[in-house]
Amino acid sequence: MIDLLRDLFFDYTIRNVALGAAILGVVGGTLGCFAILRRQGLFGDALAHATLPGVCVAFILSGAKTPIVLMSGAALTAGLGALLILTIVHRTRIKQDAALGIVLSVFFGAGAVLITYIGGSGSGNQSGLDRFIFGQAATIVRDDVITMGILASLALLVVVLLFKEFKLLSFDPAFAASLGFPVGRLNVLLTMLIVVAVIIGIQAVGVVLMAAMLIIPAASARQWTDRLGTMITISGLFGALSGVSGALISATGANLPTGPLIVLSATALLVVSLFLGRSQGFLWSWIGSRRNRRNVLSNTDPSIPYRGGVG
Amino acid sequence: MKPNNVQTPSATFPLEVKGITAAYRDKPVLWDVSFQVPEGQLVAIVGPNGAGKTTLLKIIMDLMQPAAGRATVYGRPFSKARQWVGYVPQRGSVDWDFPTNALDVVQMGLYGRLGWFRRPGRKERETAMQCLEKVGMADFADRQISQLSGGQQQRVFLARALAQDARLYLTDEPFAGVDYKTEQAIVALLRELKATGSTVVVVHHDLGTVSDYFDRVVLLNKSLVAEGPVEEAFTPENVAAAYGGGVKYLAGAK
Amino acid sequence: MSADLIIVLTAVLVAIPCALLGTLLVLRQMSMMGDAISHAVLPGIVIAFFISESLGALTSLIGAGVFGLLTAVLVEALRNTGRVKEDSSIGIVFTALFALGVFLVSKFAREVHLDLNHVLYGEIAFAPLNSLLVGGVELGPRSLWAMGIVTALAVGMVLLLYKELKIATFDPGLAAAIGLSPVLVHYLLMGAVSVTTVGAFDSVGAIVVVAFLIVPPATAYLLVDRLSHMMALAVLLGAGSAVVGYYLAAVFDVAIAGMMAVVAGGFFVLALLFSPSRGLIANLRRQRRNRRSFARGLLLAKLAGLGDRATTEEELVHHLSWDSDDVSRALQDASSDGLIRRSEVGEVVLTDEGQVTAHRVVENNAAAI
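Residue numbers (my numbering), protein chains in the order written: chain U, 533 to 843; chain H, 56 to 309; chain Z, 26 to 394.
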């Protein structure tokens with residue numbers, strides 16, 4: 533354990549991986565709160581898959597594997613995918629779930645086609661692909677961490693500045709529109725911030741597990757508080773904690789993939805939160821229901837609040 | 056999003072709807088609807104399901120484009136008059152499990168006036184608290200909104216509209232799913248608003264209470280059936296016309 | 026059988042059950058369950074591998090099937106706690122299970138041939154190579170057998186339970202009232218999706234299963250209205266994507282499965298833009314046309330309401346409270362349709378045909394007075 537902590541500060545690779553995972557955790561946790569409250573939790577999944585063709589096109593056009601170029605390409609097609617989802621949901625009778633599935637599978641299919649085009653062979657899977665799909669946290673270097681940090685700071689700055697607007701948009705969009713806030717544009721902006729989180733995340737956890745970084749810390753945080761600001765703080769912390777612990781656990785042995793361990797750490801935190809969470813945890817509601825039953829038996833107390841389901 | 060101290064023009068109607076026609080795909084849902092709402096009145100918009108009541112409200116607030124016609128608030132398009140309007144959406148339109156408390160929801164009524172980026176501060180808290188007091192919900196300020204009963208949630212929404220400090224209130228089915236006591240409290244509140252000179256428009260569906268609660272009525276079924284003071288417009292014939300004769304309104308029962 | 030034919034046939038056999046089940050998923054707004062199940066079966070395959078020590082087709086099928094259903098059960102359980110929303114539950118369960126699967130593979134199964142890419146991505150080009158051997162007798166390509174059985178099961182289920190599936194999808198309340206358990210239907214559908222996914226990803230991979238599940242039904246949803254038509258069209262679109270995708274992939278020498286997804290996406294975009302009933306372009310044109318025809322109708326109704334009194338354009342502008350441009354255009358439209366004419370002094374008068382149309386408009390749109 534002590535060794536591990538020492539490594540965290542002095543081992544170059546572990547430090548970078550842990551830092552990268554932590555940054556992803558904070559950004560994913562923060563934006564994930566808005567995403568799950570707006571029932572857009574699975575946007576992360578669709579948009580992560582939608583980055584693949586962008587990465588390929590960027591590579592084909594530039595011929596280089598510079599992270600910033602590939603990331604721009606990824607952002608471009610993910611953003612395009614996001615706009616397509618919003619358009620389909622807004623303008624047709626197709627619902628969000630199908631729109632997500634369409635973008636996810638078609639964009640990813642296009643990416644697969646482009647990868648074989650790059651590889652010049654129609655039969656084999658390229659070695660670069662699995663690293664993209666499953667993440668390649670171990671390859672995160674200092675420059676990557678800096679890029680991730682800058683992107684993350686920008687995204688968090690926007691959230692801080694527009695916290696009030698995003699909250700209103702998430703809770704009551706019709707009311708927000710009646711006050712004159714440009715609901716459509718805020719909606720696009722918030723979705724684009726999810727694209728930023730995805731860009732930060734794919735290198736660390738990969739395409740498939742990106743959704744977890746948006747959903748799981750936020751869902752865990754929701755179990756501890758009834759205030760949005762607190763929820764975002766806890767969610768960011770949980771995300772960072774999952775990221776660092778996943779990175780550290782994977783550093784303890786061979787053949788321990790970082791991305792999945794980050795997600796499994798986050799899942800463990802979720803299980804704990806579901807059972808112990810202050811405001812909604814199973815444990816407390818069980819105790820509460822016992823106490824209530826006693827109260828009801830002794831005197832009918834009208835002050836016991838109505839407890840709505842969390843549909 | 057201008058400061059609220061601008062005086063409303065006095066010579067114009069708080070709400071004027073002129074020839075509004077709207078369609079969902081090929082089917083008109085509103086056809087050539089025109090009426091005016093005079094200042095300081097309690098007005099019910101009544102009609103059967105699918106009569107276009109909520110669509111009309113959306114068009115008034117610029118949330119939807121009509122195929123023809125327009126609505127004005129104090130003689131101006133809504134976008135230039137929204138500082139005079141308070142809006143209470145249907146209670147079912149939001150997720151009451153959202154992580155926020157009653158006081159916070161009421162403060163949202165002040166967001167328009169705050170404008171971009173600025174956060175609500177102590178002044179806004181105090182204003183919101185006063186609004187909660189007016190609806191008798193001050194004790195529930197810190198309560199997570201999912202722990203409120205339907206009637207309490209409705210009162211929080213009304214308190215939020217009060218925080219908007221408006222001249223014209225547009226409310227969508229405020230009595231839906233609330234108990235009798237809450238309904239009476241809400242009516243009392245609407246009357247209080249009226250007493251201070253505000254105009255209140257309510258999308259309403261309970262025919263039995265129209266004559267008790269409201270001064271004026273707009274009877275709607277795709278097109279305008281009748282409009283005017285309750286005693287003139289809310290006749291059994293008009294109601295039967297609006298509801299296609301399918302509903303027997305017991306005019307003598309009250 | 027030629028290799029080409031085997032590959033195309035396998036893909037078509039994937040497309041058919043996917044289109045049938047996917048139509049129900051899309052209508053029930055559970056499309057992403059297809060995505061979730063197709064990923065979450067991974068640990069099932071790994072565990073089945075540990076148990077059987079070989080990648081026997083049957084054990085991995087069973088393992089995957091168990092985890093497919095487990096996904097559905099866990100999502101439902103998590104949602105029913107009331108503490109997590111449905112889409113979040115889906116995201117939590119499938120990522121957690123997939124992470125578990127990748128972890129197990131990396132930690133314990135590195136040396137064996139369990140290619141993760143293969144699971145996600147499939148390799149339909151191998152379809153002709155793996156033959157089914159029973160008692161030493163070669164029975165032809167394994168993928169064809171697997172997908173043939175899956176297709177037969179799915180088609181059989183939809184044919185036998187069409188009525189029940191339809192009711193449970195469109196009116197769960199009614200379904201429950203007539204003793205048709207929505208829960209049972211839900212798990213039946215999830216089970217069928219699991220089996221299809223598992224049977225299919227060996228040949229085409231998880232992502233293309235998702236494409237075949239969701240894209241053709243969604244495309245059909247933009248074109249037709251009835252459930253039976255939607256299923257039939259989705260089957261055609263899915264099979265078409267498989268065939269066209271295969272030949273395009275051959276021409277450009279690129280990934281076959283990916284190309285099939287792209288072609289399915291191409292069909293979707295065409296429908297999205299050009300569907301005569303629900304396409305974006307049709308919607309825009311309808312909006313514009315409605316605006317004009319409503320304006321014309323309103324104008325005629327107003328003229329009829331004013332009776333035989335002669336009316337000038339200025340008066341109409343006043344009565345309709347429209348912009349004068351809008352009135353002019355509505356007048357032009359009505360006049361070119363022969364519904365109005367101008368008198369010698371420029372007043373607007375309804376023609377006989379205009380009178381008839383005006384009355385019809387009033388009748389159709391006035392409340393039942």
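It is possible that part of the hints are untrue.
To be verified - Taking CB as the label site, the calculated pair distances span:
hint, chain 1, residue 1, chain 2, residue 2, range
1, H, Arg174, U, Val720, 58 to 64 Å
2, U, Val720, H, Lys82, 28 to 34 Å
3, H, Arg180, Z, Phe75, 33 to 39 Å
4, Z, His344, H, Lys82, 21 to 27 Å
5, H, Arg180, Z, Gly204, 39 to 45 Å
6, H, Leu118, Z, Glu378, 34 to 40 Å
7, U, Thr671, H, Arg173, 41 to 47 Å
8, H, Lys82, U, Ile592, 45 to 51 Å
9, H, Gly130, Z, Leu252, 46 to 52 Å
10, H, Gln185, Z, Gly204, 28 to 34 Å
Simulated from the structure, these hints should not be mistaken for lab results.
These figures come from a predicted structure and were not determined experimentally.
The beta-carbon is built from N, C-alpha and C at its ideal position, and this holds for glycine as well.
So, going through the hints one by one against the coordinates:
no. : hint                            : verdict
1   : Arg174/H - Val720/U: 58 to 64 Å : 23 Å, violated
2   : Val720/U - Lys82/H: 28 to 34 Å  : 30 Å, holds
3   : Arg180/H - Phe75/Z: 33 to 39 Å  : 59 Å, violated
4   : His344/Z - Lys82/H: 21 to 27 Å  : 25 Å, holds
5   : Arg180/H - Gly204/Z: 39 to 45 Å : 55 Å, violated
6   : Leu118/H - Glu378/Z: 34 to 40 Å : 38 Å, holds
7   : Thr671/U - Arg173/H: 41 to 47 Å : 43 Å, holds
8   : Lys82/H - Ile592/U: 45 to 51 Å  : 49 Å, holds
9   : Gly130/H - Leu252/Z: 46 to 52 Å : 51 Å, holds
10  : Gln185/H - Gly204/Z: 28 to 34 Å : 55 Å, violated
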